[in-house]
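Peer 1: Each chain is listed here by its residues.
2 protein chains.
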Amino acid sequence: MTPQALIFDVFGTCVDWRSSVAREVGAVLPRVDATAFATLWRAEYDPAMARIRDGGRGYVPLDDLHRENLHKVAGDLGVTAPDSLSHAWEKLDPWPDVVPGLLALKTRHIIAPCSNGSIALMTRLAKHAALPWDCILGADIAQDYKPKPGVYRASCAALRLPPEAVMMVAAHNDDLHAARAAGLQTAFVPRPTEHGERQTTDLVPDADWDVIAPDFLDLARQLAP
Amino acid sequence: MTPQALIFDVFGTCVDWRSSVAREVGAVLPRVDATAFATLWRAEYDPAMARIRDGGRGYVPLDDLHRENLHKVAGDLGVTAPDSLSHAWEKLDPWPDVVPGLLALKTRHIIAPCSNGSIALMTRLAKHAALPWDCILGADIAQDYKPKPGVYRASCAALRLPPEAVMMVAAHNDDLHAARAAGLQTAFVPRPTEHGERQTTDLVPDADWDVIAPDFLDLARQLAP
Chain A
0 MTPQALIFDV FGTCVDWRSS VAREVGAVLP RVDATAFATL WRAEYDPAMA RIRDGGRGYV
60 PLDDLHRENL HKVAGDLGVT APDSLSHAWE KLDPWPDVVP GLLALKTRHI IAPCSNGSIA
120 LMTRLAKHAA LPWDCILGAD IAQDYKPKPG VYRASCAALR LPPEAVMMVA AHNDDLHAAR
180 AAGLQTAFVP RPTEHGERQT TDLVPDADWD VIAPDFLDLA RQLAP
Chain B
0 MTPQALIFDV FGTCVDWRSS VAREVGAVLP RVDATAFATL WRAEYDPAMA RIRDGGRGYV
60 PLDDLHRENL HKVAGDLGVT APDSLSHAWE KLDPWPDVVP GLLALKTRHI IAPCSNGSIA
120 LMTRLAKHAA LPWDCILGAD IAQDYKPKPG VYRASCAALR LPPEAVMMVA AHNDDLHAAR
180 AAGLQTAFVP RPTEHGERQT TDLVPDADWD VIAPDFLDLA RQLAP
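From first to last, the protein sequence lines are chains A and B.
Quick note: the first sequence uses numbering that gives the first Met the number 0, first residue 0, plus one each step.
Quick note: the second sequence uses numbering that gives the first Met the number 0, first residue 0, plus one each step.
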């Protein structure tokens, strides 16, 4: 069945967070290793969400977690960072195929992020990166974080579509396993340099995803009638 | 203060619901007066939301209220309408200035609907009418209906903006009174034929709104630096 909507992981799948955040860090904190800082900052992402997923903390938008984690990483490195550096996550550059691929997909499908980023963060990032979303779905809609099944299901429900009419697109196998368990179709698009040249994870699909494509333009070609 | 975001009423302000719904009704129910049917259908809109605003019924998306009201109006007229006719509200045509005006405003501001329509309805309507929204705000975000102040405030909060950094744009004075009471800036754009050639309401502003503009292109010019 051709999906009526495609929903996308964003950090890593649509945008190159590592080099973009490093650029923003470097502009504000010239004395730190900016790429190492970006990697350490991102490493705090999942533990911060885990407490919320587990119910140990109420839902807090990712913007606030990013700010808290910024100060933790800066403190660990013995530097002081301004709150405003948190907005680095709104200034991430897309992989080269993303904007033309999304424009091609948008002609036949609803396209929306299903990210752990908030509506505010995804809206500003879309303006920076020219991502032509039809609407913003994901964590804010569900008031919870992926890979909890409710996040995928709430995104489908917001479109009034059953999960089987929606395809999750991600560069991360674990995101797709969770989406499939929630009843969605799945598409894997690898991003082999998300974590740098020596990346070892998510280089290949680890299951029989419904579509496997080298980039978003090829994904659009595979879904065309 | 220049608003960082502009949020818009949609039915009447951005799109000509009356003639568009009449066109869809006429295609499916050739024996009824299609314009009269559209007007009667719309007349059920506010009473249906009122029960939800007052707490007499939990939040139900407008798509469902439209379907319920469709069958009520059809029944009153002694005809049977298919559920699918409810999707007429996803096929409304924009006033001629809306798309170019929104594109001009989008270069400097976040633009989003703050409508009583659901995310699903606003997303499909945006695809039909080529409305270039940055995200979809409004009733679904707040799980309540305008003019309750929480709907305007939840839309600002989703963008992580204080109400005074957001401007509500509407063709209806009552919508702007409610937005102003919630702390937002206000812009009035009259739509003197929303209810047909003999319209008597909302022809002129009834308060000193922050901006009064004949159309969205003029609104963009007035907000330009």
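It cannot be assumed that every hint is accurate.
Intra- or inter-copy, both count: the list cannot distinguish identical chains.
[Stated by the list, open to error] Cut-off 30 Å, straight-line C-alpha distance, at most; resulting in silico cross-link-like pairs (BS3-like, lysine-lysine):
(1) Lys71 x Lys105
(2) Lys90 x Lys126
(3) Lys71 x Lys90
(4) Lys126 x Lys71
Simulated from the structure, these hints should not be mistaken for laboratory data.
Peer 1: If a hint holds in the structure, say so; if it doesn't, say that too.
Peer 2: Outcome of the hint check:
no. : hint           : result
1   : Lys71 x Lys105 : neither (39 Å within a copy, 36 Å between copies)
2   : Lys90 x Lys126 : both (9 Å within a copy, 26 Å between copies)
3   : Lys71 x Lys90  : within (21 Å within a copy, 49 Å between copies)
4   : Lys126 x Lys71 : within (28 Å within a copy, 43 Å between copies)
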